[in-house]
Amino acid sequence: MADRRKLENIAFTLSLFGAIAMVPPIISLFNVEKTIFGVPLIIIYLFGLWLFLIIATFLLSKRMINEDRPNLEEGEKSGAGNIEEINIENMEGKE
Amino acid sequence: MLSANFVIFIAVAYVFLLFILAYFSDRVSKRGGKSFLNSPLVYTLSISVYATSWTFYGAVGSAARSGLEFLAIYLGPTIIFVGWWFILRKLVRIGREQRITSIADLLSSRFGKSNRLGVLVTLIAVIGTTPYIALQLKAITTSIQVISASENSPSLSGVDDGSLALGIAALMALFTIFFGTRNINANEQHHGVVAAIAFEAIVKLVAFLAVGIFVVFYIGSGVGNIFTSASEANIDIYSANNFGPRWIAILFLSAAAILCLPRQFQITVVENSNEDHLRTAGWAFPAYLFLMSIFTIPIALYGLSTLPAGSNPDMFVLTLPLSEGNSLLALFAFIGGFSSATSMIIIATIALSIMISNHIVMPIALRSSDNLGTEDGRGISKLLLTSRRISIAMVLFLGFLYFWFAGNSDALAAIGLISFAGVAQFLPSMLAALYWREATVKGAIAATLVGFLVWGWTLFLPSFGTSSQFLANIIDNGPWGLSFLRPQALFGLENMDPLVHSVFWSILLNSFTLIIGSLISKQSSLERIQANLFVDIFSLKSKNQEKFLRRSATANDLMFVTQRVLGGKRALAIFDNFAKQSGVRREELIVTPDFISLLEKELAGSIGAASAHVVLSKVLSGGEVSLEEVMQIADETQQVIEYSHRLEQTTKKLRSTAKELKQANFRLRELDSQKDDFLSKVSHEVRTPMTSIRSFSEILLTHKDLSEEQRMKFVNTINEESKRLTSLLDEILDLNALERGERVWQNRPLNGEDVLKRVINICNPLALQKNISLFRKKIAREDLINGDADRLAQVFINLISNAIKYNDAKDPIIEVNSYSTKDKYIVEVIDNGAGISAQDADIIFEKFARGRRNNNGDDGGLGLGLAISREIVGKMNGKLELVNNSSKGACFRVSLPLGKKKSLMVAQ
Numbered sequence: 001m002a003d004r005r006k007l008e009n010i011a012f013t014l015s016l017f018g019a020i021a022m023v024p025p026i027i028s029l030f031n032v033e034k035t036i037f038g039v040p041l042i043i044i045y046l047f048g049l050w051l052f053l054i055i056a057t058f059l060l061s062k063r064m065i066n067e068d069r070p071n072l073e074e075g076e077k078s079g080a081g082n083i084e085e086i087n088i089e090n091m092e093g094k095e
Numbered sequence: 001m002l003s004a005n006f007v008i009f010i011a012v013a014y015v016f017l018l019f020i021l022a023y024f025s026d027r028v029s030k031r032g033g034k035s036f037l038n039s040p041l042v043y044t045l046s047i048s049v050y051a052t053s054w055t056f057y058g059a060v061g062s063a064a065r066s067g068l069e070f071l072a073i074y075l076g077p078t079i080i081f082v083g084w085w086f087i088l089r090k091l092v093r094i095g096r097e098q099r100i101t102s103i104a105d106l107l108s109s110r111f112g113k114s115n116r117l118g119v120l121v122t123l124i125a126v127i128g129t130t131p132y133i134a135l136q137l138k139a140i141t142t143s144i145q146v147i148s149a150s151e152n153s154p155s156l157s158g159v160d161d162g163s164l165a166l167g168i169a170a171l172m173a174l175f176t177i178f179f180g181t182r183n184i185n186a187n188e189q190h191h192g193v194v195a196a197i198a199f200e201a202i203v204k205l206v207a208f209l210a211v212g213i214f215v216v217f218y219i220g221s222g223v224g225n226i227f228t229s230a231s232e233a234n235i236d237i238y239s240a241n242n243f244g245p246r247w248i249a250i251l252f253l254s255a256a257a258i259l260c261l262p263r264q265f266q267i268t269v270v271e272n273s274n275e276d277h278l279r280t281a282g283w284a285f286p287a288y289l290f291l292m293s294i295f296t297i298p299i300a301l302y303g304l305s306t307l308p309a310g311s312n313p314d315m316f317v318l319t320l321p322l323s324e325g326n327s328l329l330a331l332f333a334f335i336g337g338f339s340s341a342t343s344m345i346i347i348a349t350i351a352l353s354i355m356i357s358n359h360i361v362m363p364i365a366l367r368s369s370d371n372l373g374t375e376d377g378r379g380i381s382k383l384l385l386t387s388r389r390i391s392i393a394m395v396l397f398l399g400f401l402y403f404w405f406a407g408n409s410d411a412l413a414a415i416g417l418i419s420f421a422g423v424a425q426f427l428p429s430m431l432a433a434l435y436w437r438e439a440t441v442k443g444a445i446a447a448t449l450v451g452f453l454v455w456g457w458t459l460f461l462p463s464f465g466t467s468s469q470f471l472a473n474i475i476d477n478g479p480w481g482l483s484f485l486r487p488q489a490l491f492g493l494e495n496m497d498p499l500v501h502s503v504f505w506s507i508l509l510n511s512f513t514l515i516i517g518s519l520i521s522k523q524s525s526l527e528r529i530q531a532n533l534f535v536d537i538f539s540l541k542s543k544n545q546e547k548f549l550r551r552s553a554t555a556n557d558l559m560f561v562t563q564r565v566l567g568g569k570r571a572l573a574i575f576d577n578f579a580k581q582s583g584v585r586r587e588e589l590i591v592t593p594d595f596i597s598l599l600e601k602e603l604a605g606s607i608g609a610a611s612a613h614v615v616l617s618k619v620l621s622g623g624e625v626s627l628e629e630v631m632q633i634a635d636e637t638q639q640v641i642e643y644s645h646r647l648e649q650t651t652k653k654l655r656s657t658a659k660e661l662k663q664a665n666f667r668l669r670e671l672d673s674q675k676d677d678f679l680s681k682v683s684h685e686v687r688t689p690m691t692s693i694r695s696f697s698e699i700l701l702t703h704k705d706l707s708e709e710q711r712m713k714f715v716n717t718i719n720e721e722s723k724r725l726t727s728l729l730d731e732i733l734d735l736n737a738l739e740r741g742e743r744v745w746q747n748r749p750l751n752g753e754d755v756l757k758r759v760i761n762i763c764n765p766l767a768l769q770k771n772i773s774l775f776r777k778k779i780a781r782e783d784l785i786n787g788d789a790d791r792l793a794q795v796f797i798n799l800i801s802n803a804i805k806y807n808d809a810k811d812p813i814i815e816v817n818s819y820s821t822k823d824k825y826i827v828e829v830i831d832n833g834a835g836i837s838a839q840d841a842d843i844i845f846e847k848f849a850r851g852r853r854n855n856n857g858d859d860g861g862l863g864l865g866l867a868i869s870r871e872i873v874g875k876m877n878g879k880l881e882l883v884n885n886s887s888k889g890a891c892f893r894v895s896l897p898l899g900k901k902k903s904l905m906v907a908q
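Keeping their order, the protein sequence lines are chains A and B.
The letter at position 16 of the first sequence is residue 16 when you use the working numbering, and the numbering goes up by one with no holes.
The letter at position 523 of the second sequence is residue 523 when you use the working numbering, and the numbering goes up by one with no holes.
Worth double-checking, as some hints may not be accurate.
Computed list of lysine-lysine pairs in DSS-like fashion (alpha-carbon distance at most 27 Å, straight line) [as the list claims (entries may be wrong)]:
| no. | chain 1 | residue 1 | chain 2 | residue 2 |
| --- | --- | --- | --- | --- |
| 1 | B | K824 | B | K879 |
| 2 | B | K601 | B | K522 |
| 3 | B | K822 | B | K879 |
| 4 | B | K879 | B | K777 |
| 5 | A | K6 | B | K90 |
| 6 | A | K62 | B | K90 |
Source of the hints: derived by calculation from the structure; they are not laboratory data.
Could you put together the complete structure from these sequences and hints?
The structure is reproduced here in structure tokens:
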């Protein structure tokens with residue numbers, strides 16, 4: 001349970017962080033005339049932030065446990081999610 | 001190389017391909033083969049209907065004009081999807097549980113199934129979306145123009161923009177009607193359409209990536225080079241205004257739009273078949289947007305630095321391949337743009353048609369036909385389909401008209417963000433629907449209306465500014481010269497970006513109205529129920545909160561209505577299913593509240609919550625009391641009952657306390673009076689001997705001349721009286737000790753008959769003295785009792801001596817009987833004296849009480865004997881009582897419980 005709460009908190013912090021990192025004053029820090037491999041820093045920053053958010057969400061989403069989900073109709077549960085959940089449950093069991 | 005006719009032919013062929021795709025997907029999903037169509041991948045791809053031609057072509061244009069601003073359009077939705085767990089998951093869950101069919105349905109359902117709110121949201125959605133559809137039509141016609149204009153054929157082989165747009169609109173209408181309104185599905189899901197949209201998503205992504213790769217790596221020789229050559233061409237990519245209020249406003253708007261745009265809501269919430277798909281979409285959709293925009297800046301910069309000045313940056317995606325002579329790639333890019341336009345048109349019109357038919361057509365139909373039963377079968381379902389088909393055609397035609405009249409003005413170019421700002425007016429109410437229990441329908445309607453009006457005044461209206469002198473005048477000077485109402489400087493807020501200005505005022509006033517309106521108005525009972533259902537969707541386990549109270553409707557009535565709305569087959573399936581669950585045959589189905597709320601949800605899946613509620617209420621009620629009224633009554637009654645219950649409990653407690661107090665008081669008073677009584681009696685008893693002692697001692701002191709004999713007599717008397725006094729005090733102490741249980745009392749097994757014999761032996765001389773015959777009639781077997789032998793003897797002596805003392809008969813007799821019953825040893829002392837009057841019988845065991853008629857002469861009794869005796873017998877668990885006897889004398893009975901046989905053996 002504690003894990004589940006923690007994951008939720010991480011997910012919330014992630015979106016909050018994403019939103020804050022996208023607006024001034026943070027974003028202004030990178031809006032300077034500087035290039036990396038010829039590409040302006042601000043572009044690297046924004047796309048890097050974006051990529052980070054995508055990857056972090058990818059890693060996080062797999063682990064989020066949707067406990068209070070309604071009864072799914074037969075066979076609707078996606079296979080990947082299923083396996084993931086079982087793994088996490090097993091891990092929790094071992095601890 | 002590319003003639004206009006060829007391009008148009010390609011476009012039509014592409015639409016035909018969509019037809020085939022949608023058709024087969026529909027068939028596959030109908031057969032139940034959902035494996036691929038139902039995958040999270042298809043779901044994610046279909047969400048990318050967000051990326052319309054406005055973003056396909058326009059993003060590059062925007063990047064060319066204002067740098068990174070276009071990224072905000074993508075980053076807003078990214079934030080929402082990264083946080084899918086919090087808002088989207090709740091939306092999807094509510095959508096599934098409540099069978100939500102559109103955003104209008106969501107808000108209407110949450111706010112007490114209010115139809116007014118549904119209508120308002122529908123109208124705003126139509127007004128906000130129609131120009132957006134026009135924008136897509138314009139994108140298509142412009143792109144066809146651009147791609148074929150390079151062939152030195154300025155006129156499109158006899159086809160002008162207008163008829164081209166009309167043709168496309170008609171084609172889209174045909175497709176949408178064909179696949180969007182095939183039947184009234186449960187949950188309004190359109191598998192065929194979704195499959196087509198997912199396919200289009202792939203097409204536009206691949207097309208854009210192809211152009212991007214071509215530009216960057218084929219002709220532009222690397223990303224770094226493009227930036228270098230751009231800065232050499234003096235193109236400023238660090239425009240100072242990049243991340244100001246406008247950036248934040250666009251981030252906010254795009255985040256709001258991904259939730260509130262009717263087409264996004266349709267795809268994300270309504271078409272969602274599995275909540276878990278969000279798990280994938282949470283990262284995959286941002287990833288899609290990421291890929292979609294990764295080449296935008298290089299394309300824009302390359303276009304700016306290589307293409308001749310004045311060329312339209314919105315069309316760089318087409319013109320760059322064309323300028324390099326790669327018409328095949330240009331054609332592919334055109335198809336990408338075309339697909340992003342068509343997918344938006346298809347989903348937007350489906351969403352709008354559902355909203356129009358459910359929230360405008362249905363309520364009117366329901367109101368105009370009071371009796372649903374008189375129409376012939378399937379009336380409602382037919383009406384729904386027809387109204388949806390008509391509204392699809394109508395919406396597309398409206399879009400075309402808008403394009404026709406405003407197609408060449410600047411109004412269209414900015415319409416994307418204007419549309420976003422329009423639907424963002426749903427956001428406050430939507431968030432309130434999900435998280436704020438106290439929000440009321442009045443607050444929501446007022447808020448949405450205020451937001452809509454402010455948006456219309458500050459953003460939508462000025463977008464026509466250039467087309468009319470009258471409007472331009474209002475924008476510059478305000479209506480009737482009221483400068484504080486100038487659309488782009490409301491309340492004197494000047495020098496602000498018009499978009500930021502509008503978003504700020506509309507969302508601020510919208511939210512304030514919602515909060516204040518909700519706080520000053522009251523929720524109806526249905527609203528309260530729905531609010532709890534929505535807010536607590538994750539914690540509520542019992543789903544059937546909606547209770548209908550009357551059950552006047554039979555299953556047949558309900559069947560009739562369901563058939564008409566959902567069609568015969570589905571209705572039968574629902575009824576059969578429920579009958580199976582409750583274990584009866586369909587004909588025997590009983591209308592339970594559970595069944596009704598299930599039915600309402602099913603119906604809501606087709607015609608929206610408000611209409612479903614109206615339909616069912618019509619069938620169920622005889623028009624007496626509405627559910628709401630009953631709920632309210634029940635609610636108020638509940639409160640009153642609870643209050644009075646609490647009051648009652650308190651009163652009861654108080655009353656019992658008072659009663660206890662009263663009893664305690666009474667006992668205390670009784671004890672007090674007893675004590676007084678006792679004291680006065682004791683004093684009285686003590687005074688008599690004391691008086692005689694004093695008087696005799698006085699005589700002895702004063703009369704020295706008394707004879708020895710007399711003196712002896714007096715001293716004797718004094719001695720006697722002192723003894724009497726002592727014995728009185730002894731008895732009082734004894735009684736007191738007995739009553740208080742101060743003395744250790746030990747009951748030992750003893751033979752009652754032994755004690756009795758001993759007592760009779762003692763008393764015999766006394767009796768003989770008074771010529772009383774003391775005899776025994778019955779003698780008990782030797783039986784063991786528990787008690788104290790000496791004390792028991794004291795009781796017997798007291799009884800017998802009393803009998804001797806007070807017997808004034810001529811031939812006095814005293815009879816002492818003893819016998820045993822099953823569990824008692826009984827001794828009776830009977831005399832033939834005057835007996836005890838009923839009056840005396842009550843007080844005879846009291847302290848200092850004596851039979852009144854027996855105060856002839858000094859008898860030496862103190863009146864404590866019986867009181868002590870009773871106390872002693874009580875200590876031995878027995879009873880001393882005065883019994884009614886046939887003879888005229890008194891009869892005292894002592895009954896003592898027998899000891900156990902076992903203890904008898906031990907004792908022996």
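Next on the checklist: Please verify whether B/K822 and B/K879 have alpha carbons no more than 27 Å apart.
Outcome noted: holds (16 Å)
Checklist entry - Are B/K601 and B/K522 close enough, with their CA atoms no more than 27 Å apart? => result The given pair, whose Cα atoms are some 26 Å apart, holds under the 27 Å limit.
Checklist entry - Are the Cα atoms of A/K6 and B/K90 separated by 27 Å or less? => result The hint holds at about 19 Å.
Checklist entry - Is B/K824 close enough to B/K879, meaning Cα to Cα at most 27 Å? => result holds (10 Å)
Checklist entry - Does the alpha-carbon distance linking B/K879 and B/K777 stay inside the 27 Å limit? => result At roughly 22 Å apart (the allowed maximum being 27 Å), B/K777 and B/K879 satisfy the hint.
Next on the checklist: Check whether the Cα positions of A/K62 and B/K90 lie no farther apart than 27 Å.
Outcome noted: Between A/K62 and B/K90 the Cα gap is close to 18 Å, so the pair holds against 27 Å.
In this structure, none of the earlier numbered hints is contradicted; all agree with it.
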